[in-house]
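Student: Protein chains in written order, with this note's numbering: chain A, 1 to 326; chain B, 1 to 328.
Keep in mind that the hints were calculated from the coordinates and are not lab data. Accuracy of the hints is not assured; some may be wrong.
Said to hold, decoys possible - Below, a list of computed lysine to aspartate or glutamate pairs in the DMTMM-like style, where the Cα atoms sit at most 20 Å apart:
id, chain 1, residue 1, chain 2, residue 2
1, A, K277, A, D64
2, B, K23, A, E299
3, A, K142, B, D51
4, A, K142, B, D196
5, B, K47, B, E22
6, A, K33, A, E299
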Amino acid sequence: MQEEKVRTISKAEAAEMLRLMYATRAFEEQAEKSYMMGKIHGTMHLSIGQEASAVGSISTLDPDDYILGHHRGHGLCIAKGADLNLMMAEFYGKEAGYCRGRGGSMHIADVAGGNLGANGVVGGGLPLAVGVGYGLKMRGDKRVLLSFFGDGAASTGAFHESMILAVLYQVPVVFICENNQYAMSFPARKWTSSERLAGFADSYGMPGAMTDGNNLLDVREAVQKAVDHARAGGGPSLIINNTYRWRGHSKSDRNRYRTQQEIEEWQEADPIRRYRKLVVADGLFTDEEIDDIEKGAYEQIELARVFAEESEEPSVESIEEGVYAP
Amino acid sequence: MREITYLEAVREAMTQEMERDEKVFLIGEDVGQYGGAFGASFGMLEKFGPDRILDTPITELGLTGAATGAALVGMRPIAEIMFMDFLTLASEQLVNQAAKLRFMFGGRATVPMVLRTPAGSGTGAAEHHSQSLENWFAHIPGLKVVMPSTPYDAKGLLISSIRDNNAVVFVEHKLLYKTKGPVPEEPYAIPLGQADVKREGKDLTIVATSVMVSRALEAAKTLAEEGIDVEIVDPRTIRPLDAEPIIQSVIKTGRVLIVHEAVKMGGYGGELAATIAESRAFGYLDAPIVRLAGRDIPIPYNRTLELSAVPQVPDIIAKAREIVQGKV
Numbered sequence: 001m002q003e004e005k006v007r008t009i010s011k012a013e014a015a016e017m018l019r020l021m022y023a024t025r026a027f028e029e030q031a032e033k034s035y036m037m038g039k040i041h042g043t044m045h046l047s048i049g050q051e052a053s054a055v056g057s058i059s060t061l062d063p064d065d066y067i068l069g070h071h072r073g074h075g076l077c078i079a080k081g082a083d084l085n086l087m088m089a090e091f092y093g094k095e096a097g098y099c100r101g102r103g104g105s106m107h108i109a110d111v112a113g114g115n116l117g118a119n120g121v122v123g124g125g126l127p128l129a130v131g132v133g134y135g136l137k138m139r140g141d142k143r144v145l146l147s148f149f150g151d152g153a154a155s156t157g158a159f160h161e162s163m164i165l166a167v168l169y170q171v172p173v174v175f176i177c178e179n180n181q182y183a184m185s186f187p188a189r190k191w192t193s194s195e196r197l198a199g200f201a202d203s204y205g206m207p208g209a210m211t212d213g214n215n216l217l218d219v220r221e222a223v224q225k226a227v228d229h230a231r232a233g234g235g236p237s238l239i240i241n242n243t244y245r246w247r248g249h250s251k252s253d254r255n256r257y258r259t260q261q262e263i264e265e266w267q268e269a270d271p272i273r274r275y276r277k278l279v280v281a282d283g284l285f286t287d288e289e290i291d292d293i294e295k296g297a298y299e300q301i302e303l304a305r306v307f308a309e310e311s312e313e314p315s316v317e318s319i320e321e322g323v324y325a326p
Numbered sequence: 001m002r003e004i005t006y007l008e009a010v011r012e013a014m015t016q017e018m019e020r021d022e023k024v025f026l027i028g029e030d031v032g033q034y035g036g037a038f039g040a041s042f043g044m045l046e047k048f049g050p051d052r053i054l055d056t057p058i059t060e061l062g063l064t065g066a067a068t069g070a071a072l073v074g075m076r077p078i079a080e081i082m083f084m085d086f087l088t089l090a091s092e093q094l095v096n097q098a099a100k101l102r103f104m105f106g107g108r109a110t111v112p113m114v115l116r117t118p119a120g121s122g123t124g125a126a127e128h129h130s131q132s133l134e135n136w137f138a139h140i141p142g143l144k145v146v147m148p149s150t151p152y153d154a155k156g157l158l159i160s161s162i163r164d165n166n167a168v169v170f171v172e173h174k175l176l177y178k179t180k181g182p183v184p185e186e187p188y189a190i191p192l193g194q195a196d197v198k199r200e201g202k203d204l205t206i207v208a209t210s211v212m213v214s215r216a217l218e219a220a221k222t223l224a225e226e227g228i229d230v231e232i233v234d235p236r237t238i239r240p241l242d243a244e245p246i247i248q249s250v251i252k253t254g255r256v257l258i259v260h261e262a263v264k265m266g267g268y269g270g271e272l273a274a275t276i277a278e279s280r281a282f283g284y285l286d287a288p289i290v291r292l293a294g295r296d297i298p299i300p301y302n303r304t305l306e307l308s309a310v311p312q313v314p315d316i317i318a319k320a321r322e323i324v325q326g327k328v
């Protein structure tokens, strides 16, 4: 079954997905390092362990399609094709960054590239998604939007209102809940489960699916179906990618709400290693080929780090730019 | 010139802009068949169809966000929030998203949208349907806040707001909806951030917003009979504020009374008073800067209490007299 799915993807595309997952892992490891070294101020939200959800989902899009992210969105940006130099520069708060250093890790956006932004408010992107979808639909545009959010957002009023409007206006949006099991410290299992989150789709009146979010092929298959459905004018879908964040919520997290054993069990289900094993077992790649992809990704991130560190700070003279559009 | 109501002026501005630009659409609760809770969009569903006049279920947050998202990809939505009180529900999307997306993305996004909403008391609707919260939004960089006081201003300012490339909070007043005034039939734009002198005078400047402009004009008639010649300046847009006509007026009269309906504590009057005090007009003041505003209470239901909660014409007359007679 898995073997058949492996073979539906060309070697070039599989290599690209591996590269994006490794680049995400490398970006976030570097982000953590830079932070520890005192090169970054503020905080960050790492998605290490969730790479298959981002890459598998976004791999189904055409280049000019859109995404809207959440506050743990480095992987989403990278999967959408972000320039790693500009992304790292934004993380460093530099003028060369995607948002000229104004947004930082939680607000990276590349509107021209179809990334309509990460969001610092849990659930903040969901109402926006309805409007983006409606705008596209009104213009007769064939593009679709993937709207990412977490289990934390699924408990907000914004989620309820957005699902209702999305179905009412039949917008071309795939809502993807990355259930990484915790809203900061609050366990999703205390109020729901991935199965029940997926059940919301039926309640609101749209197609839904639940995936093993650490299985890239499973994610990709479900999202592809939903994207095709949206592009054909069928309206929204809701997909729950069941996954896990290895790192804490942010830098202040001491993991008091979960056990080391739980973290280690999920690390056993490392999404990158799982996909790697599948493609090697299938004979699509040799281990050495994948080592090269991995090494290349880490090298790219190292170049991005150097680019970011050598980039200019924004000037204080420009501080008021961009509050209003002319 | 032809006379129409403030409500008709709002409808005409929306209609003409929707005819001019197919990216403009209206979204809100009961804006379709019902024609809007106050009738602002009456007949527009028949004219433009359900794809451009979007009735929503009760989703203030959702519809405000939907407008913001549509604006982000190039549309020009007008969102109607039935009562300004319900902006409390919509605020996350308005304040955190619509107002900030452009700045947060390094100036690389544009959010051209209008959020129309009726504010104010006087209809017996009590605490949850009567508030004047304009200053909450005037406090937010990235938003513009417009408060028309006449049918002429309502049309011209709404057309400008729709054409503006930013998120504009357009604050209408329920008591003004039925007021009539001259309004040109053709579309015209009044620039945002341009105050208007509604009456010229030499003894006292009254800076008033929204429904308080007509109350101040009414008060000015009585005051004129007593020999007090009042000048009335209407900022029309409270963010951005066009301070210069206010400063010039205060330099001319030497006295200023600021009148608004919102409660005094944290109200826009404080901003106006500070703007005057910080300006070159300070040296010309012959009396303290005085604010006349809503009492520091929620709007009560009882008719007498409701009227007493916000400035009325006799209150303006009395306060103006005190200032001019040196009793403040």
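Student: Would the hint linking K47 (chain B) and E22 (chain B) be met if the CA-CA limit is 20 Å?
Tutor: Holds. K47 (chain B) to E22 (chain B) sits at ~13 Å (cutoff 20 Å).
Student: Hey, K23 (chain B) versus E299 (chain A), does the alpha-carbon distance stay inside 20 Å?
Tutor: Judged against 20 Å, a Cα distance of about 45 Å means the pair is violated.
Student: Just to be careful, I want the Cα atoms of K277 (chain A) and D64 (chain A) compared with a cutoff of 20 Å; is the pair within it?
Tutor: Not satisfied, since the Cα-Cα distance of roughly 31 Å exceeds 20 Å.
Student: For a C-alpha distance cap of 20 Å, please report whether K142 (chain A) and D196 (chain B) respect it.
Tutor: violated (46 Å)
Student: For K33 (chain A) and E299 (chain A), compute the direct alpha-carbon distance and say whether it is at most 20 Å.
Tutor: Holds, because 15 Å separates the two Cα atoms, which is no more than 20 Å.
Student: For the pair supplied as a hint, K142 (chain A) and D51 (chain B), is the alpha-carbon distance within the 20 Å limit?
Tutor: Between K142 (chain A) and D51 (chain B) the Cα gap is close to 17 Å, so the pair holds against 20 Å.
Hint compliance for this structure: hints 1, 2, 4 are broken, all remaining hints hold.
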